[in-house]
Amino acid sequence: MNINLKTSINWNTLTVLFVLLFLCLPTLKAQDILDKLQTEYNQFKPTDTDRFFATGKLAQAMFFNQREDEAFALLRKELINANKLSDPKYAAYLNTVLAINQLIDEEETNSRQTILKAKALADRSKDIEIKGYVYYGYGWILAREQQEGEAVKQFMISLSYLDQAKESNTLNNRKANVYKELTSIYANWNEFDLQEKYSKLALSLAIKQKDPMTIFDSYMLLGYMYEQQYLENSNDIKYRDLAEEYYLKALDTYMEQQDSMPIPSNLAFVANNLSNIYFKFYPKEYEEKAKQYAELAKSKGLESKQYNLVASSYGIMSEMALKDGDTKKAKEHLLSSLIEINKGQVQDQQILLSIYQTLSHISEQEGQYQEAIKYYKEYINIFTSIYDQEKLNISKRLEAQYEKGKQEQELKTLQLEAEKKEQQIQLMAALGIQQKQDLENMKLIQDNQSKELALSKLTSEKQDQELRMSRLEAKNKAQEISNYQKEISLKDKLNKYYIALIAAALSLLALLLYAYRQRSKHMAQRENLHNLAIEQERQHAKISMLTALLDGQEQERARIARDLHDGLGGLLSGTKLQLSHLNDQSSIDFQSKMQKGITHLDMAVDELRRVAHNLTPDLLQKFGLEEALNDYASRMSNEQLEIDVQFLHYSKTLNLEQQLLVYRIIQELVNNAIKHADPSQIIIQMVEEDNQYHITVEDDGKGFDYKNLSRNKSAGLINIQSRVEFLKGNLQVQSDIGQGSSFEISIPKSKQL
Amino acid sequence: MINIAITDDHPLLSEGLKNILAQEPDLNIIGCYPTAEALSEALKTTRIDVLLLDINLTDANGLELIHPLLKKYPDLKIIILSVHNEYAVINSAFQEGAHGYIQKNASIDEILLGIQEILTGKKFRCKQTQQIVDRKNNTELKSVPKLTRREKEILAEAALGLTTIQIADKLFISPHTVESHRKNLIEKFKTSNLSSAIKMAYDYGLIREITA
Chain A
410 MNINLKTSIN WNTLTVLFVL LFLCLPTLKA QDILDKLQTE YNQFKPTDTD RFFATGKLAQ
470 AMFFNQREDE AFALLRKELI NANKLSDPKY AAYLNTVLAI NQLIDEEETN SRQTILKAKA
530 LADRSKDIEI KGYVYYGYGW ILAREQQEGE AVKQFMISLS YLDQAKESNT LNNRKANVYK
590 ELTSIYANWN EFDLQEKYSK LALSLAIKQK DPMTIFDSYM LLGYMYEQQY LENSNDIKYR
650 DLAEEYYLKA LDTYMEQQDS MPIPSNLAFV ANNLSNIYFK FYPKEYEEKA KQYAELAKSK
710 GLESKQYNLV ASSYGIMSEM ALKDGDTKKA KEHLLSSLIE INKGQVQDQQ ILLSIYQTLS
770 HISEQEGQYQ EAIKYYKEYI NIFTSIYDQE KLNISKRLEA QYEKGKQEQE LKTLQLEAEK
830 KEQQIQLMAA LGIQQKQDLE NMKLIQDNQS KELALSKLTS EKQDQELRMS RLEAKNKAQE
890 ISNYQKEISL KDKLNKYYIA LIAAALSLLA LLLYAYRQRS KHMAQRENLH NLAIEQERQH
950 AKISMLTALL DGQEQERARI ARDLHDGLGG LLSGTKLQLS HLNDQSSIDF QSKMQKGITH
1010 LDMAVDELRR VAHNLTPDLL QKFGLEEALN DYASRMSNEQ LEIDVQFLHY SKTLNLEQQL
1070 LVYRIIQELV NNAIKHADPS QIIIQMVEED NQYHITVEDD GKGFDYKNLS RNKSAGLINI
1130 QSRVEFLKGN LQVQSDIGQG SSFEISIPKS KQL
Chain B
3 MINIAITDDH PLLSEGLKNI LAQEPDLNII GCYPTAEALS EALKTTRIDV LLLDINLTDA
63 NGLELIHPLL KKYPDLKIII LSVHNEYAVI NSAFQEGAHG YIQKNASIDE ILLGIQEILT
123 GKKFRCKQTQ QIVDRKNNTE LKSVPKLTRR EKEILAEAAL GLTTIQIADK LFISPHTVES
183 HRKNLIEKFK TSNLSSAIKM AYDYGLIREI TA
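Protein sequences appear in the order of chains A and B. Anchor point for the first sequence: position 330 equals 739 in the working numbering, and the numbering is continuous, going up by one each time. Anchor point for the second sequence: position 190 equals 192 in the working numbering, and the numbering is continuous, going up by one each time.
Do not take every clue at face value.
[Unchecked claim] In silico DSSO-like links for lysine-lysine, alpha-carbon gap of 30 Å or less:
#1 B/Lys172 with A/Lys1084
#2 A/Lys1116 with B/Lys138
#3 A/Lys1061 with B/Lys138
#4 B/Lys138 with B/Lys154
#5 B/Lys20 with A/Lys1002
Think of the hints as simulated: they come from the structure by calculation, not from any bench.
Bound-form chain A, shown alone (with noise of 0.2 Å):
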């Protein structure tokens, strides 16, 4: 039996490296370290400034350690003292470890508070790591705030300072640091390459820095990393064999350094990843592996007291019995799991989730229905104590998403007024040259005034001299000027008159003139209109008129050549059929000359059928323009002439009046080309565009010359044209002596007659 889980199952126990870490680092060491921060912060005279970097890892320490208040109060005191000293930087460094730990003990506008103030020493200080330090303080707290976003960009700057400043072991610490926070934010955000880059950014640091443990973990958490990966895009192995590869790496760092390795379980923890992508995701050969690392896992775990691991371990080789179907093998992993899980004093509740859920199937399949429920209840009641811890992420991390696409349209607007301000400056500065060209003309042109002032006055000073001498000159003239000028002034006043005079009649006489066009202008522009009204009401009464006479004539030719066709021609046929069956009865010499008249009722018929198509076009009304073309083209063919019809695009779209209308001017044109043209070839094509159909008629007859057409021959043209009136369109007429003729016509779509 075969046991089939649609859910899927999750042994795997990266969660619950990070609780080891965090409930087994301090109670295994924290004691020691405390003692050695604690004499090494001692051995510092109150004046060394180191000091202060030994108060911040102490004071970190205590905290962890449930020594809050202690921790506060030696952070307190050093920060007095710190205050005291010119350079700000120990001062930024203190504010934010204070900062950092306020935000742990929940006092949020405390935090907040305290890291600003560190930012603003830290701006002030001229040591980069500091200013690195205070920054990645401050990301820190803004990571935690749920502004991942702001936290980013706080990183950002962090990284661009600790890059510059001089290489150590303490600015590697705070480099990693910076790495894992970014790691964590990109992992929320789904942003897989940026992850993937500053994991091994943590990586490359970890390895320069020779610490297993570190190592160790960033070759987990890159593991970890790819599985995940490959749960997404499962078709892309890649990601599987990268997810191996580094926990074979994690777990090579482990066996070589494992004297030097302070958590045991980790190797177990290592063993049930791989033991899990192997059963998971690799082929069957690897089941073999599979099972010896979760055989791994569960001694070290055990070893270890690792009960988490151990249950995981169990929960992975319950899966394999039933992928073989086992099930009661599986059924008894899962107990051993339950019972393992139940000796730890923290128990991963995805672990119990799982082996509940299995075990309620395996209950299930067996027919142990009770069983199964109980079962089922427990996984219920662990999936609604971890359901709302869930939505309180899933929450979370929508925040975060949030936040990121508010971060980049502020960027976006940022950037945009960024280049608006721009163009403002640039626009201002083109103002203030020309403001200034604009002045400098202005100076230039009072500086001529003035110049042309003083000479002004020179002259007039002149004239003044001169009208003086000419006075003195002049005084015993006087009289005689005066009489003199008295005669010129009579005169001058006459001429003036007469100017006005002749410029008031002048005028006049421009106006009268003006007035009398735009009359005559108006006029002849009435005149045209009247015509143009006329022309119109001609034209209407023509197209009405055509109307009613070409669908009379339609009608009648219907009429005509309906009694023809069926009438006259099966009156021919009957009778044909009797003669010739009359003829099989008589003498072969009488045989021979009725024969005669058989074939001549043949060729009544024939002719008959010719002119009633001619007539009347019947294939049009039951099959539409083309079929009638084509017809009527293979009708017209003959060995001397090939007639070719070409329907391009059309989708038909005619009305049948339309069809008939174009039926006739196809024909008229081709019988024309046929009486007059004696070509070889004739080509009919009609293609429907998007705003009209396009109809083409060519012959590679005589052609023959259009301007100067006689009368008699353009009248069957004028009949042509009338049709293209009557359905809105346009006839071009193409042909030379000697190169055929062509005739296309264009009509408009959409425009219902």
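Based on the hints, put chain B in the right spot on chain A.
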């Protein structure tokens, strides 16, 4: 005995035909019916093997009768006997399911041959009808497309590598028109692009110059 019915609104033809066919020993003329209605009344009571059916009846179109009749009487064989010699009509008759098509001015021997042929399960066309169908098939087979003068001009310019705009400028027509001709050419040559059309036109000798 083969039961035969004639449906034609011309007494002269149907009576004449009846008299002639009656002389054949293995044919039994059931009757002549001038309308579709009279025919369907007769079919209710009498078994008919072969129906000679005219197209232009006073109360119906013979083509439209074929399908319903065959649906109701699947064993019935229908020969269309008509003055119509248009391909579209012939084609439509066979599409509706007719078994034979004979022109009214065919000889009596052809009618008798037609009755024999369709009873063996074959389709039958009289000589004239066969000629019309053959001619149609021949014209469809010809492969060289017929081009108008304008199309030849445009194809020749395009073959020299000119763009739509350049061709439009050179021939004093709108680019839109050139574009429309392009589409038509592609359809006429049944290719997917103009350069294949140019290649084919060159092979057929429709254009003389080509720049690769």
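Against the structure, the hints come out as follows:
{"no.": "1", "hint": "B/Lys172 with A/Lys1084", "verdict": "35 Å, violated"}
{"no.": "2", "hint": "A/Lys1116 with B/Lys138", "verdict": "39 Å, violated"}
{"no.": "3", "hint": "A/Lys1061 with B/Lys138", "verdict": "21 Å, holds"}
{"no.": "4", "hint": "B/Lys138 with B/Lys154", "verdict": "26 Å, holds"}
{"no.": "5", "hint": "B/Lys20 with A/Lys1002", "verdict": "26 Å, holds"}
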